[in-house]
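Chemist: Single-letter residue listing:
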Amino acid sequence: MSSTTIPKARRGSGSPLNRVIRRYGWLVPMIPGMAFLIAISVYPTLYSLNASFYRWNLAASARRSLTGFRNYELLLSDPSFWHSVVVTLVYVAFVVALELTIGLVLALLFFRRFPSDHFLRALLILPMVVAPVVVGLLWRYMLNPRFGIVSYLMSLVGLPRVDFLGDPALALPTLIVIDVWQWTPFTFLILLAALQGVPEDVIEAARIDGARSMRILFDHILPMIRYPVAVALVLRLLDAFRVYDIIYMTTRGGPIDATQTLSWQIYDLGFKSFDIGYAAAYSWLMLILVVAISTVALAILFRKTDFA
Amino acid sequence: MVHSGSQTTRRAAIVGAALLFSASAIAGALAAEPVTLHAIFLPATWGTVVKDTLAPQYERETGVKIDVQLIGRDAIHEKMATLFAAEDSSFDIFNLDYNWIPEFAGGGHLVQMDDVLSTEDKADFFPLALRVASYGGKLYGVPQTVHPHLLWYRSDIYNDPATKEAYKAASGHDLAPPKTMDEWLEQSKFLNGRTYGGQKVAAWAAQAAKGYGNVHTWYSFFSTYGGKAFNDDFTKSTIDTPDGVAATKVWAEMSKLMPVGAVSYTYDDVTTAAQQGVVATAMQWSWGAFAVDDPKTSRTVGKWEFAQVPSVKAGEPSHPHLAEWVISVSKYSKQAAEAKKFVAWLETKKNDVVQASLGGGDPVRLSSYSDPKLTEEKLAGTDVKRFRRYSEVIIAMKNASPRPLFEGEERWETTITTPLQAVQLGQSTPEEGVKAADKAEDAALQR
Amino acid sequence: MTEFRLTAPRRRVRWIRRVGVVAQVAGATLATLLFIAPILWMISTALKTGNQAFSATPQILVAPTFENFTHVFTASAFGSALTVSAFAATVSTLLALVIGAGVAYPLARRPGAVQQQVAFWILSLRILPPIVIIIPLFLLFRSVGLTGTVWSLIILYTFMNLPLTIWLLRGFFADLPVEIEEAAYVDGASKLRTFLDVTLPLTLPGAISTGLLAFIFAWNEFLFANVLTGASTRTAPVALTEFVNPVSIEWNNIMSAGTLVVLPVWIFALAVQRYLVRGMTMGAVK
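Residue numbers (our numbering), protein chains in the order written: chain A, 1 to 308; chain B, 309 to 755; chain C, 756 to 1041.
Since the hints were derived computationally from the structure, they do not count as laboratory data. Nothing here was measured: the structure is a model prediction, and the numbers come from that model. A few of these clues could be false.
List of simulated lysine to any residue pairs, SDA-like, C-alpha gap at most 25 Å [as the list claims (entries may be wrong)]:
(1) 508/B / 807/C
(2) 544/B / 54/A
(3) 564/B / 170/A
(4) 472/B / 501/B
(5) 557/B / 167/A
(6) 544/B / 60/A
(7) 272/A / 891/C
(8) 642/B / 894/C
(9) 272/A / 383/B
(10) 272/A / 639/B
(11) 497/B / 508/B
(12) 272/A / 543/B
(13) 564/B / 167/A
(14) 508/B / 158/A
(15) 747/B / 82/A
(16) 508/B / 157/A
(17) 476/B / 506/B
(18) 544/B / 61/A
(19) 272/A / 541/B
Work out the full structure, taking the sequences as your base and the hints as a guide.
Modeler: In structure tokens form, the structure reads like this:
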């Protein structure tokens, strides 16, 4: 493998100013981006951290009072917080696992060229292109027990009309299905590209050695596409944690609290109840949780952090 | 000194030109900045009436332009909070659900509107309507539409001889619009599942979705049974009382008799169910009745009649849940005076009737209810009165129960909707449910 | 060289391969149909009238009517919403690509512990739930007088997409062997020249696919647009929710608005399709 680093020999020669330029000049292109990111993120981060230490109603900001860690204490002893954690973890786990698996299967299916594969691929990306707001409404329409097409098709084969989004036991699985429908094309594309990057000779060599297809897959191909898998996984993981648009358009955290994810609770508390302090504490706890999980996921994928 | 003719003419010309110039400059300055008010209304009929008809008319009459944006209920609430937190003046006028008055007026974000209505006006409005639009004894919003809960029932079903006979045989009572909750429950159990016009009907429908829908429906039951949600200074939730349990029990029983999928029913789902003939009765806002009389979307035109929400005991009044939308002016508006003028104009006697006749919400002035323009109007091609519900609305307004009027009201609805839905779906018993509601709300009050 | 005649076993292998291809096509077609069936349903509903959309027995084949589309354009000024969306998404995507490349390139070429931390901090910005940062962001924009303008959205979407563009572009840059750039230095080109003439063209597929993803996210964004925009600057997703009103959910109008929201992005995606797959290789595989 070729290296991607710049050899050291170029640095260190010339006048002091030139040396400085050469040593740190590569940082220059980063300045606009980093400045922008820091500028936009610093204020909201500090603001929300600060808010989490207050008892603060948005409509009555003048009357807010400093309460220290009270919000965090209340949260950690609030059963609905833990319930949201569980709902979110279940959702994220299933969604990421299913999207990666089905995406891989699809990628394997499309791996070798066949007639019309480009055409089909162009269609397959459609679900991820549709706005989440539209996705939510579309599925709500299709799953309506009275005039939804899903219900109708079920009745044609003798099944009763089921209210998928209104049944506490079915609502979360239904949302998972919707998310998988929408985002599998995303993982599919990434994995397909990654598979196509695996050199033929690796596969041929394994086959000549007499290995069966499945073993080739697991022992040789999958490890080679670890990076794309990791990127797809992390991106989907982070987005799954923040899912909101779909819930807003379908179940709104219900029925009862079956789909009350962390991000939904934060919205509910922050914008319906105007409990900004409590919502801020909620989001910081959520941040800690997400960072922890992503770190663990990445560590599992990469025994050593090598990104070069 | 003698001025020659040409000198005089020249001077006159110069003065004339100067006058003309300054006049046009002034006119230009005035014309260059026509007053434009920015308003947010709900996309319900009373919002669209303002946007499509009344605002343009006001512009023609006064030259003041009103830019109306229609946004959904939740979005209005969010936007108001965000704008007020930033003391933003991009919007002058807001359409509010009255339960938001305490939180926004209490936060100092609304302009007082006492001087918008004269004493006569104030006497003409429903007293309850004005009361719920006030905070700390001052008026902060001008009522635009009131709509209490009414019991809607299918006259074709209730007058059907076969049904009446069968009911009499099964229960020993006559089939008439129910006066008490027990009657309604009994009738509902009987009617649920029967077929009319080739369509199987459910007993009733009402809002039941998580959020505020189920709370609004439950609240009519709760208030009718005498429940009070809080103690006097709103420091303790008092839903768990014998009255509260009784009300929740009946509501839970009735909830089993709604159509399939009713647990997600929002306002428009109830309307659709009524229009499509899927239900025999309904508990719905009085104003919504127009939808079932629309031949383009309704299969039950003229078949719906209106009565009071059933009470607990015969002869006693019920306490239907009050819904009302008011119009307020933002404290941060730079054109508050103009905004108030527009609001006043919208709710004059004349325009209150105009709004109603154009299909907007139900009127807020008692006098409008006897205006022949409204009371005599009939549905196209029939003998059925378009506003036949008005007599019921007046009665309902006497005893209607407003939502708890305190700053955390919206939060309260968001908090108790979950334990209530658990009762709806049978996951908790009514007793457990009201206890859980109290617990959740007390915790929220602490936050 | 003499040609061998095809013998029977050879023919059988060809036949097996053909069956395999047929199976592949069938499987792929089935999978694709499953995924796009809801979208087909959306389009077909967009072509129905209100009553047809609500009827208890869904009508599969109906004479199409375009009244929903015309209604959507006239009743809610959807055209201007689409324009706003297009402007905001395009500008923010370009900004995110250019600014992001500036950050991604050094990160790719100079790996180290500090850079790793920086990269992870950038990624962590994507974790922040929009709800929490929306109030302070609104206050921030208000202090510079940008609320209600499309520029607040552009700044926001650029911010939202930078972590994505930086991470993806970093992978593409790292994927390009440094020897190719070295060759240009040796020839006397400056760093900037090298970047523009050598690096960029070779990583263009990656940049395009990154741009597409950023565009999709910006175009479909709802939450911020809902709160931050004013009457004249609302985006397409926000305009669409106007059809969800208290009186009725106008499914046929929603579906046609939804179709209109999907079309531009999908056409864009189609146009860059061939780059999408090739460009997304971001592994350490050589």
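Chemist: Hints first: check each against the structure and report whether it holds.
Modeler: Here is how each hint holds up against the structure:
no.: 1; hint: 508/B / 807/C; result: 20 Å, holds
no.: 2; hint: 544/B / 54/A; result: 22 Å, holds
no.: 3; hint: 564/B / 170/A; result: 19 Å, holds
no.: 4; hint: 472/B / 501/B; result: 16 Å, holds
no.: 5; hint: 557/B / 167/A; result: 21 Å, holds
no.: 6; hint: 544/B / 60/A; result: 21 Å, holds
no.: 7; hint: 272/A / 891/C; result: 17 Å, holds
no.: 8; hint: 642/B / 894/C; result: 19 Å, holds
no.: 9; hint: 272/A / 383/B; result: 10 Å, holds
no.: 10; hint: 272/A / 639/B; result: 21 Å, holds
no.: 11; hint: 497/B / 508/B; result: 14 Å, holds
no.: 12; hint: 272/A / 543/B; result: 20 Å, holds
no.: 13; hint: 564/B / 167/A; result: 14 Å, holds
no.: 14; hint: 508/B / 158/A; result: 18 Å, holds
no.: 15; hint: 747/B / 82/A; result: 17 Å, holds
no.: 16; hint: 508/B / 157/A; result: 21 Å, holds
no.: 17; hint: 476/B / 506/B; result: 23 Å, holds
no.: 18; hint: 544/B / 61/A; result: 23 Å, holds
no.: 19; hint: 272/A / 541/B; result: 22 Å, holds
The structure meets every hint from the earlier list without exception.
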